[in-house]
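Protein chains in written order, with UniProt numbering: chain A, 1 to 361; chain B, 1 to 204.
Hint data in this document are derived by calculation from the structure and do not stem from the laboratory. Keep in mind that the hints are not guaranteed to be accurate.
[Stated by the list, open to error] If you want the ones that stay clear, here's a sample from chain A, every Cβ over 12 Å from chain B, calculated:
id	residue
1	Ala28
2	Ala39
3	Val87
4	Pro142
5	Gln150
6	Ala158
7	Pro168
8	Asp169
9	Ala179
10	Ala216
11	Gln262
12	Pro270
13	Asp312
14	Ala334
15	His348
[Said to hold, decoys possible] Just a few of them, taken from the derived set where beta-carbon distance is under 8 Å, the chain B residues facing chain A:
id	residue
16	Val34
17	Thr36
18	His48
19	Arg68
20	Pro73
21	Ala76
22	Leu78
23	Gly112
24	Leu117
25	Pro128
26	Pro131
27	Ala135
28	Ala143
29	Phe144
30	Thr151
31	Met156
In this text, a Cβ means the ideal position worked out from N, Cα and C, and glycines have one as well.
Single-letter residue listing:
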Amino acid sequence: MHDPAPLHVPPRRIGAWSLIIGAVAIVAVAFGYVGGWLAPHRLTPKKLVNQLQHDAGTFAGYRRNHAKGVCVVGHFDSSGQAQAYSVAEVFAPGQRTPVVGRFAIPGGNPYAPDSSVPIRSMALRFTLANGQQWRTGMNSMPVFPVATPQAFYAQLQAKQPDPVTGKPDPAKIAAFFAAHPETAAFRAWAKTAKPSASFATESYWGLNAFVFVDAAGQHHPVRWRMVPEASDVGSVANTPGGANYLAADLTERLAHGPQRWQLQVTLAKPGDPTNDATKTWPDDRRTIDAGTLVLERSAPQASGPCRDINYDPLVLPAGIEASDDPLLPARSAAYADSYLRRTSEEAHLPGTAAPKPETSR
Amino acid sequence: MNAAPDRFTLAARALHWLMAVMIVAMLFIGVGMVATVSARHEWLLAIHKPLGIAILLLAVIRLAVRVRHPPPPLPADLPALQKLAALASHWLLYFLMLAMPLIGWAMLSAGGYPVMLGDALRLPPIFPTSPVAFAVLRHLHGAFAMLLFLTFLAHMGAALYHGLIRRDGVFASMLPAASRSIDGDREEVDADKADRPSAARQND
Ligand code: HEM
Ligand code: HEM
Numbered sequence: 001m002h003d004p005a006p007l008h009v010p011p012r013r014i015g016a017w018s019l020i021i022g023a024v025a026i027v028a029v030a031f032g033y034v035g036g037w038l039a040p041h042r043l044t045p046k047k048l049v050n051q052l053q054h055d056a057g058t059f060a061g062y063r064r065n066h067a068k069g070v071c072v073v074g075h076f077d078s079s080g081q082a083q084a085y086s087v088a089e090v091f092a093p094g095q096r097t098p099v100v101g102r103f104a105i106p107g108g109n110p111y112a113p114d115s116s117v118p119i120r121s122m123a124l125r126f127t128l129a130n131g132q133q134w135r136t137g138m139n140s141m142p143v144f145p146v147a148t149p150q151a152f153y154a155q156l157q158a159k160q161p162d163p164v165t166g167k168p169d170p171a172k173i174a175a176f177f178a179a180h181p182e183t184a185a186f187r188a189w190a191k192t193a194k195p196s197a198s199f200a201t202e203s204y205w206g207l208n209a210f211v212f213v214d215a216a217g218q219h220h221p222v223r224w225r226m227v228p229e230a231s232d233v234g235s236v237a238n239t240p241g242g243a244n245y246l247a248a249d250l251t252e253r254l255a256h257g258p259q260r261w262q263l264q265v266t267l268a269k270p271g272d273p274t275n276d277a278t279k280t281w282p283d284d285r286r287t288i289d290a291g292t293l294v295l296e297r298s299a300p301q302a303s304g305p306c307r308d309i310n311y312d313p314l315v316l317p318a319g320i321e322a323s324d325d326p327l328l329p330a331r332s333a334a335y336a337d338s339y340l341r342r343t344s345e346e347a348h349l350p351g352t353a354a355p356k357p358e359t360s361r
Numbered sequence: 001m002n003a004a005p006d007r008f009t010l011a012a013r014a015l016h017w018l019m020a021v022m023i024v025a026m027l028f029i030g031v032g033m034v035a036t037v038s039a040r041h042e043w044l045l046a047i048h049k050p051l052g053i054a055i056l057l058l059a060v061i062r063l064a065v066r067v068r069h070p071p072p073p074l075p076a077d078l079p080a081l082q083k084l085a086a087l088a089s090h091w092l093l094y095f096l097m098l099a100m101p102l103i104g105w106a107m108l109s110a111g112g113y114p115v116m117l118g119d120a121l122r123l124p125p126i127f128p129t130s131p132v133a134f135a136v137l138r139h140l141h142g143a144f145a146m147l148l149f150l151t152f153l154a155h156m157g158a159a160l161y162h163g164l165i166r167r168d169g170v171f172a173s174m175l176p177a178a179s180r181s182i183d184g185d186r187e188e189v190d191a192d193k194a195d196r197p198s199a200a201r202q203n204d
């Protein structure tokens with residue numbers, strides 16, 4: 001070997017060093033790929049939540065979606081009828097389970113007027129006696145516009161305000177709907193939907209399918225919704241100009257007594273889609289009345305007990321499981337990211353958004 | 001010749017390799033699950049929590065084994081700086097394998113989540129609910145995970161350096177008795193070895 005270098009490195013050690021460096025590099029690159037840093041096209045929870053912020057702005061301490069809302073407290077009285085399908089303790093006959101909930105309107109702007117969207121939402125956390133929890137977030141519409149997180153992301157991108165006009169570009173929204181025919185059922189609903197005057201008069205659909213597990217271990221795909229007892233049209237809403245009439249209406253109603261909903265659980269038949277929230281199930285499906293939700297009081301979200309709850313739809317008790325609906329893991333992942341952002345802001349951690357003065361109210 | 005042990009006890013070696021696989025798997029599962037919105041997020045998290053608690057239990061046992069059976073000494077000719085690096089990184093690894101699962105458990109407690117290890121198995125909270133504590137602990141869980149990964153990379157690189165370059169028996173001390181030829185095999189004489197001072201440890 002002709003090696004003029006005074007520092008002679010035997011070829012065997014070059015091989016050994018390459019092996020060591022190669023091994024470390026392979027592990028590091030694999031880690032970078034799995035962690036998404038080397039896979040920039042993967043849809044991540046971060047991207048979804050960033051896009052929510054691009055659409056609505058960043059409001060420190062608030063939820064990145066359904067930012068405007070109000071806390072409610074009450075309980076759920078089980079009828080016992082769902083017990084044959086799910087072993088969850090919340091469905092035992094005569095069982096009363098405490099509930100901390102939240103009404104809200106969709107969108108990331110906590111100052112949006114209540115009339116800006118026709119949709120209202122109800123989120124609930126049931127704290128079971130055995131320490132398990134059931135969390136659910138429901139919307140006041142019978143179908144969701146999209147079936148996949150990718151389509152949801154595309155929809156958010158289409159709705160991003162144009163930097164020049166400050167408003168979403170109608171052409172982009174039209175292009176999104178044209179490319180996504182699965183949105184048809186939702187659009188048909190939205191055409192006739194009007195912003196309701198009250199949270200209390202709305203039905204709230206779980207939209208995503210779940211699976212009940214009975215005592216024999218049998219699985220029953222289900223969807224649920226909350227159907228209100230109150231049916232009158234609120235009076236406050238007809239006052240024009242009020243931007244925050246929903247919370248006022250709720251306080252007024254609760255001052256006169258608790259508000260009630262029936263939890264209706266629909267059982268799927270084989271073949272009913274469990275992975276597509278844009279499709280309803282046929283009307284003749286068996287529906288059971290699982291019990292009554294009783295809401296007794298409300299509290300502002302800034303100081304109420306719902307503020308620091310992440311209504312992650314995959315926080316489930318034994319007896320309720322996730323279905324194969326692809327929206328569910330995406331919601332769970334995105335809500336966790338949103339929750340980390342807003343709690344980090346509450347903690348004033350460095351690098352987080354600073355709270356804005358509350359003048360825009 | 002057998003004054004000092006030339007390898008870790010069987011229990012220590014078994015725990016080392018079992019936990020090495022578990023911890024590296026946890027690091028990949030962790031960064032993988034928070035970087036996806038697919039069903040992977042859900043089932044990886046379902047593995048993450050019980051596997052993390054299993055690591056916590058094993059780490060406690062391992063520490064007890066470590067205290068009862070001190071490891072074989074490092075080669076006497078190892079430069080002081082490398083010795084210090086070895087010692088510091090080993091204690092850092094012990095600290096992190098205990099701290100990571102405890103932080104994971106505490107942050108879920110602080111966030112008000114039920115700490116579910118399966119469909120029905122629930123651990124009690126170990127921290128009062130607090131959004132501020134949740135945020136701090138959640139960031140700590142991520143930062144310590146990165147520190148653990150970097151320490152693991154350095155540890156793996158150093159182990160290979162001992163096994164392939166220094167060939168001083170340090171790597172073999174963590175291997176089964178039968179697989180000694182990977183490292184510190186005295187029968188294999190070559191120029192590479194000749195230019196290194198021989199290890200003080202008695203390997204044969
Ligand atoms: C992939 C699709 C979806 C994404 C990315 C998404 C994203 C989000 C985010 C980031 C939040 C704020 C969470 C927090 O900080 O606590 C939120 C809240 C909410 N979402 Fe979704 N969402 C999706 C689908 C749905 C669906 C299908 C429903 C209805 C069934 C729904 C109902 C709700 C409700 C009710 C809330 C408010 C919860 C509360 O009051 O705290 N979302 N969403
Ligand atoms: C050796 C033990 C553990 C290791 C190495 C580990 C590692 C990780 C890593 C790398 C992440 C991603 C961090 C990020 O990118 O921000 C993570 C997240 C997480 N870990 Fe762990 N972890 C361990 C134990 C635990 C335990 C015992 C629990 C709970 C009981 C837990 C619960 C979580 C949760 C809930 C997340 C965040 C999920 C999300 O935000 O969607 N971890 N972990």
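Hint check results:
1. Ala28: Non-interface label fails for Ala28 (chain A): nearest chain B Cβ at 6 Å, not farther than 12 Å.
2. Ala39: For Ala39 (chain A), whose nearest Cβ neighbour in chain B is about 8 Å away, the distance does not exceed 12 Å, so it is violated.
3. Val87: Val87 (chain A) is in fact no farther than 12 Å from some Cβ atom of chain B, at 9 Å.
4. Pro142: Non-interface label on Pro142 (chain A) holds, nearest chain B Cβ at 24 Å vs cutoff 12 Å.
5. Gln150: Non-interface label fails for Gln150 (chain A): nearest chain B Cβ at 9 Å, not farther than 12 Å.
6. Ala158: 18 Å, holds
7. Pro168: 23 Å, holds
8. Asp169: Holds, because the least Cβ-Cβ distance between Asp169 (chain A) and chain B comes to about 25 Å, which exceeds 12 Å.
9. Ala179: Given a closest Cβ separation of 20 Å, the condition holds.
10. Ala216: The assertion about Ala216 (chain A) holds, with a minimum of 15 Å to chain B.
11. Gln262: 26 Å, holds
12. Pro270: 22 Å, holds
13. Asp312: 8 Å, violated
14. Ala334: At about 7 Å from chain B, Ala334 (chain A) fails to clear the 12 Å cut-off, so the statement is violated.
15. His348: 8 Å, violated
16. Val34: Where the cut-off is 8 Å and the nearest Cβ of chain A is about 7 Å from Val34 (chain B), the hint holds.
17. Thr36: 7 Å, holds
18. His48: Violated: closest Cβ of chain A sits about 13 Å from His48 (chain B), beyond 8 Å.
19. Arg68: 32 Å, violated
20. Pro73: With a closest approach of 23 Å, the Pro73 (chain B) hint is violated.
21. Ala76: 22 Å, violated
22. Leu78: Leu78 (chain B) check fails; min Cβ-Cβ to chain A is 17 Å, beyond 8 Å.
23. Gly112: Check passed: Cβ of Gly112 (chain B) comes within 6 Å of chain A, closer than 8 Å.
24. Leu117: It is violated, given that the least Cβ distance between Leu117 (chain B) and chain A is near 12 Å, above 8 Å.
25. Pro128: 12 Å, violated
26. Pro131: Given a least distance of 4 Å, the restraint on Pro131 (chain B) holds.
27. Ala135: Holds: closest Cβ of chain A sits about 4 Å from Ala135 (chain B), inside 8 Å.
28. Ala143: 12 Å, violated
29. Phe144: The hint is violated - Phe144 (chain B) has no Cβ within 8 Å of chain A, the shortest such distance being about 15 Å.
30. Thr151: Violated, because the Cβ-Cβ distance from Thr151 (chain B) to chain A comes to roughly 12 Å (cut-off 8 Å).
31. Met156: 6 Å, holds
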